[in-house]
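Chemist: Read top to bottom, the protein sequences are chains A and B.
So the first sequence is numbered by the numbering used here: it starts at 923 and just counts up by one.
So the second sequence is numbered by the numbering used here: it starts at 598 and just counts up by one.
What the hints contain is simulated information worked out from the structure, not anything from laboratory work.
What you are looking at is a predicted structure, and each value in this text was computed from that prediction instead of being measured.
There could be a bad hint or two in this list.
One side of the interface only, derived from the structure: several residues of chain A facing chain B at Cβ under 7 Å [to be verified]:
no.: 1; residue: VAL1243
no.: 2; residue: LYS1244
no.: 3; residue: GLN1369
no.: 4; residue: VAL1371
no.: 5; residue: CYS1372
no.: 6; residue: ILE1373
no.: 7; residue: GLN1396
no.: 8; residue: PRO1399
no.: 9; residue: ARG1407
no.: 10; residue: GLU1411
no.: 11; residue: THR1417
no.: 12; residue: ASP1420
no.: 13; residue: HIS1421
no.: 14; residue: ILE1425
Residues of chain B clear of chain A, computed beta-carbon distances all greater than 10 Å [stated by the list, open to error]:
no.: 15; residue: GLU633
no.: 16; residue: THR655
no.: 17; residue: VAL656
no.: 18; residue: PHE659
no.: 19; residue: SER662
no.: 20; residue: LEU668
no.: 21; residue: THR673
no.: 22; residue: LEU677
no.: 23; residue: LEU709
no.: 24; residue: TYR718
no.: 25; residue: THR719
no.: 26; residue: PHE735
no.: 27; residue: ARG766
no.: 28; residue: GLN767
For each residue, glycine too, the CB sits at the ideal point set by N, CA and C.
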Amino acid sequence: MSKRFEQWAALSPWSIISFSLGTIKLILNNGYALIPVVYTGWQQGFNSPWVIVVLAATVIAVFSFSSLQWAKYRYRLQEDKLGIRQGLIFKKNHQIPLNKIQNVRLVQPLYFRPMGLYSLVVETAGSKKDEAVLAAVNYRQAMQLKRALFSQQEQANSASSEAATQADQPVRGITTTLVTKSVKDLILFGLYQNNLFWFSVISGSILGQLDWEQLEQSQIKQTIWQWYETTIAVNIITQVVFALALLVTLYLLLSLISIASAILKYHPYQLARRHDTIHRSGGLLAKQNDSLALSRVQLIEFSQPVIGRLLQLWTINFKQVKGNEVEQMAKRHMLIPSMKRQQIDELMPKLNGLAATATVLPTHYRGIHIGWFWRRAWLAPLIALLNTLFIGINPFTETLLFIAAVVTALIYARYRQWGYLLQADNCWIHTGVLGQSWQLVSLKKVQHVCITQTPGQRKRQLATLTLGLASGEQHIPYIPLKDARQIAETALQLTQQDHHNWI
Amino acid sequence: MDPVNTTPTTENAPNRVPLAEAAWLSFDQVALTPVEPSYIKQVQLENLVFIPLLIAPTVFGFLISLPALALISLVTGLLLLALIISFGRIRYAKTIAYAVCEHEIIMEKGLLWHKRISLPYTRLQHVSLSQGPLERHFNQHTLKCFSAGSGSAEITLPGIQSDTAESLRQHLLAKAALNQGGPKTATTQLDPLVDQAAVSTIVERPHE
């Protein structure tokens, strides 16, 4: 198709910047290279001229090394392969077959923003080392490259597997926008997807910094205490309301971080479809453009944390082969934030080409056997009760009993929410404790199946079913053996004749 | 209404006829071959490693002149533990069995958690054979079958006679290559090579 990229081509000189940063990162990672700098600094005091000399030498070395890297870097696109040549002393010659490409990502780091340049990241099914980065390409070039990479891939695919899609998809070649998200949606996303981990880290470190004794005697604290005593502590209702208000305020304050990061990362969020690939773009700081071939999606997860449940909003995650996530560093999958149930039902039919064919988020599921709960429920109460028996009721055992009650309740919530649903070739798995999530497994993508039984389970004709996917294993415990077999056999029936590349 | 399979019809229904449930022989009902009896011997031999582990704490207890009662309970405890583990290991080894079927390889293992794993050849990425010093003595190999993603072997099958192991590996690879090259007639010859390259990188990942 395009003859444009068939000759060996060099990158733009601007890519020296990204090569330099890569080199600096490498130096920092292998910290021993810094030892001479630190050592001279420590010996001479940090204002010695030697520090400057060493620093200048480092800068020159890094710059010349990066320039050399740039000068020796060549790429071309030929015969279904992306070829990359690089290296001065250790020559490397990569050949990436286009049908092995998992993702093509367009990233705009901050330092490329003024020039309007992008980095094109090509990811393959394999290790991170196999990833190829074409730095400092302009937008037009990047898009052309991306198109070329995917079109050839598609040609190869359509020859065999996806010939059928051409007929039922007249919009081929046209980009259709599937989802856009406003600032408000992203704020809500940051609010409900708030990570309690940051909550603890930040509050912990702030509380550690405070001088408590000084605070104890401060004027403000005493006025507040007085106000509390006179207006709040007078009856139980105001106390409860006050505590709730305090909690909500704290949560909102801490959500600010996740809200800000959601906006910086995703705004203006747009998900579009072109051919059989979905593209996400957005990001205020670093503009990102991720692509993902629909056939590469291994599992779709619809998740809803507690707050999301209150707001009735879902996050959709498209999970890929483990280790090949769209964002490799953060191990994050391509996601769609703030989706209402109705929006999901509207979106899913537009995503034909996915291995999973389900189009509606289910509302009910078949729960697992209560045996799963009994197997786990006894331990916490037993510990608490034994302690109470031996040392009697005291604040310690009271706390223990309380914890036991909470743990049991949480285990029960998990039991209640664990369920499954088989719809033709799709298996839905519902899990959750306080929040909830639906995993949509296309049984075509299953790599191995495993039925596990304990002697007790065998007696009751129950089994634990494991579906091994390239994105990880999914378990459904304590289900009737009959159902486990049906799901497993359906998966095996589908996969044993299916010769197409599934990753 | 059957809660399973609530909406059996979708627009692209699979072009295969679902068998009646009675006609299935589920993969957990297929008869399996146990591993070589000499593998049990090998496990027994491996269990001898507990002897020095038993002696060392006892001698140490003597050296620091532990009270007699404590020493006796320590030794009995350790002895019991070693016996239970050894016995458990032997029983576990006896549960390992496998079957090479037309479309999949099946493996069974587990004492308390009785596991039956099935890996279709179409999803097989890589097969490896390994042999430790003890296994060399017993003329055995451990066969590992890998799929994509996890990096660890889906099926680890110890105690296979070396001749069987090699032919089994050839058979599995042939099946996998056949499957992956199948429909693409034009690229049949190229594909296994390409896949091999991709496979080796996937398997190497955990060592990074």
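Chemist: Which hint numbers doesn't this structure obey?
Modeler: 7, 8, 23, 24 and 25
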